[in-house]
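S.K.: Spelled out, the chains give:
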Amino acid sequence: MQIVNFTPLSALVGGALIGLAAAAMWWLLGRIAGVSGILENAIGAQGPDRMWRIAFVAGLLGAGIFAAAVLPGAVHFDMESGYGRAIAAGLLVGIGTQLGSGCTSGHGVCGTSRLSLRSIAATAIFMGAGVLVVFVMRHLL
Amino acid sequence: MSQVAIALVCGTVFGSGLIISQMSNPAKVLGFLDVFGQWDPSLALVMVGAIGVFAIAYRIALRRHAPMFDKKFFVPEKTRLDPALISGSFIFGLGWGLAGFCPGPAIVSSGFGDPRVWAFVAAMVTSLMLSHIIRRRAVS
Numbered sequence: 001m002q003i004v005n006f007t008p009l010s011a012l013v014g015g016a017l018i019g020l021a022a023a024a025m026w027w028l029l030g031r032i033a034g035v036s037g038i039l040e041n042a043i044g045a046q047g048p049d050r051m052w053r054i055a056f057v058a059g060l061l062g063a064g065i066f067a068a069a070v071l072p073g074a075v076h077f078d079m080e081s082g083y084g085r086a087i088a089a090g091l092l093v094g095i096g097t098q099l100g101s102g103c104t105s106g107h108g109v110c111g112t113s114r115l116s117l118r119s120i121a122a123t124a125i126f127m128g129a130g131v132l133v134v135f136v137m138r139h140l141l
Numbered sequence: 001m002s003q004v005a006i007a008l009v010c011g012t013v014f015g016s017g018l019i020i021s022q023m024s025n026p027a028k029v030l031g032f033l034d035v036f037g038q039w040d041p042s043l044a045l046v047m048v049g050a051i052g053v054f055a056i057a058y059r060i061a062l063r064r065h066a067p068m069f070d071k072k073f074f075v076p077e078k079t080r081l082d083p084a085l086i087s088g089s090f091i092f093g094l095g096w097g098l099a100g101f102c103p104g105p106a107i108v109s110s111g112f113g114d115p116r117v118w119a120f121v122a123a124m125v126t127s128l129m130l131s132h133i134i135r136r137r138a139v140s
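Protein chains in written order, with the numbering used here: chain A, 1 to 141; chain B, 1 to 140.
One should not assume that every hint holds.
[Stated by the list, open to error] Now the in silico label distances, taken between C-beta atoms and shown as ranges:
| # | chain 1 | residue 1 | chain 2 | residue 2 | range |
| --- | --- | --- | --- | --- | --- |
| 1 | A | 140 | B | 71 | 13 to 23 Å |
| 2 | B | 83 | A | 71 | 40 to 50 Å |
| 3 | A | 65 | B | 129 | 33 to 43 Å |
| 4 | B | 87 | A | 46 | 24 to 34 Å |
| 5 | B | 60 | A | 43 | 31 to 41 Å |
| 6 | A | 84 | B | 71 | 41 to 51 Å |
| 7 | B | 60 | A | 9 | 22 to 32 Å |
| 8 | A | 65 | B | 27 | 19 to 29 Å |
[To be verified] Derived, one-sided and incomplete: chain A residues facing chain B with beta-carbon distance under 10 Å:
| # | residue |
| --- | --- |
| 9 | 22 |
| 10 | 27 |
| 11 | 71 |
| 12 | 89 |
| 13 | 102 |
| 14 | 114 |
| 15 | 123 |
| 16 | 128 |
| 17 | 141 |
Simulated from the structure, these hints should not be mistaken for laboratory data. Here the structure is a predicted model, which is why all the values come from computation and not from measurement. Beta carbons are placed, not taken as given, at the ideal position from N, Cα and C, and that holds for glycine.
Next comes chain A alone, as it looks inside the complex:
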């Protein structure tokens, strides 16, 4: 192992902002800021609780559009996947987060913080699977 590209300050600051937003969702709305579940129910749920979910997703997208348009220097983006790999990965992420009831935000950040056994197990499993795939792609193939 060799450590490269380490950016501890921006990682901590960005992470704290994520935690702050999740904390506000909990304090004010009593909701877990889990993106896959919010996205799923923004599209699939009915009733009044759909609207705040749509708004949260719009905020995520708006942050990306605003940053790219107004502060392009602050946006770091480097993608090696082509269309085929992107689509295959998207299919896996969609079904996996639906079956597993969460993703990096809901399980990884919020659930781990709540000391939820399900979330701690889920986080260990998806991190392990991610490490496995990258190991196979970068060091075996």
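Model the placement of chain B on the given structure of chain A, informed by the hints.
M.R.: Below, chain B without anything else, positioned relative to chain A:
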């Protein structure tokens, strides 16, 4: 109405955190997952920062009976491990490692303009909703 405004602001702050921390940069994510090669540990500190803030706020908030803008805290109901959680998390991890995107960063970076991200998001939403519909039918 206030719920919608709050969620919009929270989504924006959450997305800004993903951009600043570079969670929305797939090369950074793959560098983090490449533990056995040239490892970039930055994203571990994203988790430390996010969990540090949320863990404290979560506990303080629970001293109240309810959140400020709703009747109750929506604590996730399931507490036990089950096969869906384990297999689903494994499948999600495979997809995460394959392209370097999880759902939040994928939505954020679809605002950057690269059509390959739009392809990822379209595929993700399709399989998310197919699984949603199939599992709803199976229950009822």
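S.K.: Next, verify each hint and record whether it holds.
M.R.: Hint check:
no.	hint	in the structure
1	A/140 with B/71: 13 to 23 Å	53 Å, violated
2	B/83 with A/71: 40 to 50 Å	44 Å, holds
3	A/65 with B/129: 33 to 43 Å	23 Å, violated
4	B/87 with A/46: 24 to 34 Å	28 Å, holds
5	B/60 with A/43: 31 to 41 Å	33 Å, holds
6	A/84 with B/71: 41 to 51 Å	47 Å, holds
7	B/60 with A/9: 22 to 32 Å	26 Å, holds
8	A/65 with B/27: 19 to 29 Å	21 Å, holds
9	22	5 Å, holds
10	27	5 Å, holds
11	71	9 Å, holds
12	89	4 Å, holds
13	102	8 Å, holds
14	114	6 Å, holds
15	123	8 Å, holds
16	128	7 Å, holds
17	141	12 Å, violated
Consistency with the previously given hints fails for numbers 1, 3, 17, ordered from lowest to highest.
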